[in-house]
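From the two separate chains plus the hints, produce the assembled complex.
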Amino acid sequence: MGRMEEWPAWQRWGTWLFGWVLYAGAFWMLFVTANVAVRIAALAGIGAGLLVLTYSSRAVLNERVRKIDRWQLHVTLPAFLAYMLLMLYVWPLAAHIATPWLKAIVAISPALPLAFVAWAMIRYVNRCDEMERRQHLEAAGISVVVVSLGSMVLGFLAAVGLIRVNGALVLLFILPTLCVAYGLACTWSKWRNRAR
Amino acid sequence: MNNRVRELREKHGWSQGELGERLDVSRQTINAIETGKYDPSLPLAFKIARLFGSRIETIFDPGKQS
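Protein chains in written order, with my numbering: chain Y, 1 to 196; chain X, 1 to 66.
Isolated chain X, as found in the complex (with noise of 0.2 Å):
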């Protein structure tokens, strides 16, 4: 799944441990977020748009659908 965490992020000029901070998740997962090595929860990407007061399919791109 593409998304445009990183993008967002550098937008509101947060490191990848502040943006987890205030996600109450490890920098990790915000790093393989990022780099789409793991799709967030729906709780979880809906947290990650609000942060960004943006809605969740403007963030997160499913891709092409079967």
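Only chain Y is shown next, with the shape it has when bound in the complex (with noise of 0.2 Å):
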């Protein structure tokens, strides 16, 4: 087989595509269903699409996966997976519990492998080369700008009274607005630079 840099495009390509369409039916099935296998699945799905996508994404782009980046997966991958557990089956409690402390505990704790993601891509990005460092900067500066504009467009339009925010389905949207927005920054800065 070789290394996943080396196959043809088509197949690094063809990889890539499976990756994405593994993961966002996986993330489909996690939502349509209560079923607890089926959930279950849906999450294995979601950890093996995150796998292919990390190696093929890369691939696509003809560079090889660094011990970094192999470190990064092997970190994030639980750390993400924990928070869709708890969203699903231990957030939801909070509105039934009654004792504030508890109660905000168990509010925020989907908070807590978040900060552990955040953690982690702090030291991937401090890893990484010095041009890649540049890249994840101008990212991040982009998914602040285009972010920070979003939120100011849709106060000023609510202000006025022109559309009704729900201001905690805006405060949880922040984020991954951010990552998203961060994400595609840096897809962008990696594909001008793709050629050989």
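Hints listed in this document are in silico derivations from the structure and should not be mistaken for laboratory results. Only a predicted model underlies this, so the values are computations on that prediction, with no experimental measurement involved. Do not rely on the hints blindly, as some may be mistaken.
[To be verified] In silico BS3-like pairs for lysine-lysine, Cα to Cα no more than 30 Å straight-line:
{"id": "1", "chain 1": "Y", "residue 1": "K67", "chain 2": "X", "residue 2": "K37"}
{"id": "2", "chain 1": "Y", "residue 1": "K67", "chain 2": "X", "residue 2": "K47"}
{"id": "3", "chain 1": "X", "residue 1": "K47", "chain 2": "X", "residue 2": "K37"}
{"id": "4", "chain 1": "X", "residue 1": "K47", "chain 2": "Y", "residue 2": "K190"}
{"id": "5", "chain 1": "Y", "residue 1": "K67", "chain 2": "X", "residue 2": "K11"}
{"id": "6", "chain 1": "Y", "residue 1": "K190", "chain 2": "Y", "residue 2": "K67"}
{"id": "7", "chain 1": "X", "residue 1": "K37", "chain 2": "Y", "residue 2": "K190"}
{"id": "8", "chain 1": "X", "residue 1": "K11", "chain 2": "X", "residue 2": "K47"}
{"id": "9", "chain 1": "X", "residue 1": "K11", "chain 2": "Y", "residue 2": "K190"}
{"id": "10", "chain 1": "X", "residue 1": "K11", "chain 2": "X", "residue 2": "K37"}
See the structure below:
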């Protein structure tokens, strides 16, 4: 088989596409059913999808998977799966707890694995090479601008009564929006330099 | 900044990925240095010079200085 970055382009792109299908399909499965066995299968699918995507997304850019990429995957994958489990089975319990301090602990419990992922991301970026660190810095800047400008536009529209926004929902969407914007900016930056 | 990294790499018969592995940087970083899109830091430039057994100024040419 050889190393993935040496595979023909169609195989690398096919694997990448398969990774996305697996990841998105498993995500969809997770939310359309409450069946525990199906949800466990969906979580396994998400894990497998992320594994395939980590390897193939580097291969489509003609890059090898390095030790730090494997480290990041091994550290963040369990944390991400823990986050999903907490969101599915622990966080909903908060609504039924009367004791305020216990309610608060249960409600913020999903933030713990995310804080771990953030730490792992900082460590990963610090271990990247100098040009990659510049790409991450650009991506972080772009994502901050996108999210803060987007929030401001929403705020302006809400202030004049054109739209109604749910404060809790907006706060919950800040991190995912930042992550998506950061990921897209990173991809764009790496795509520009993909040529040999 | 002009440089001879591509020429020296090809002389050694290495791919961009192989040179990247030897310098512990990504293939994209090697490509960006070779195409002049990215100027390496002083430690990386010294590392490149050491790997090719050349002096840094024979590999990197800053061009006209103002």
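Hint-by-hint comparison with the structure:
| no. | hint | in the structure |
| --- | --- | --- |
| 1 | Y:K67 - X:K37 | holds (26 Å) |
| 2 | Y:K67 - X:K47 | holds (20 Å) |
| 3 | X:K47 - X:K37 | holds (19 Å) |
| 4 | X:K47 - Y:K190 | holds (23 Å) |
| 5 | Y:K67 - X:K11 | holds (28 Å) |
| 6 | Y:K190 - Y:K67 | holds (19 Å) |
| 7 | X:K37 - Y:K190 | holds (13 Å) |
| 8 | X:K11 - X:K47 | holds (17 Å) |
| 9 | X:K11 - Y:K190 | holds (27 Å) |
| 10 | X:K11 - X:K37 | holds (22 Å) |
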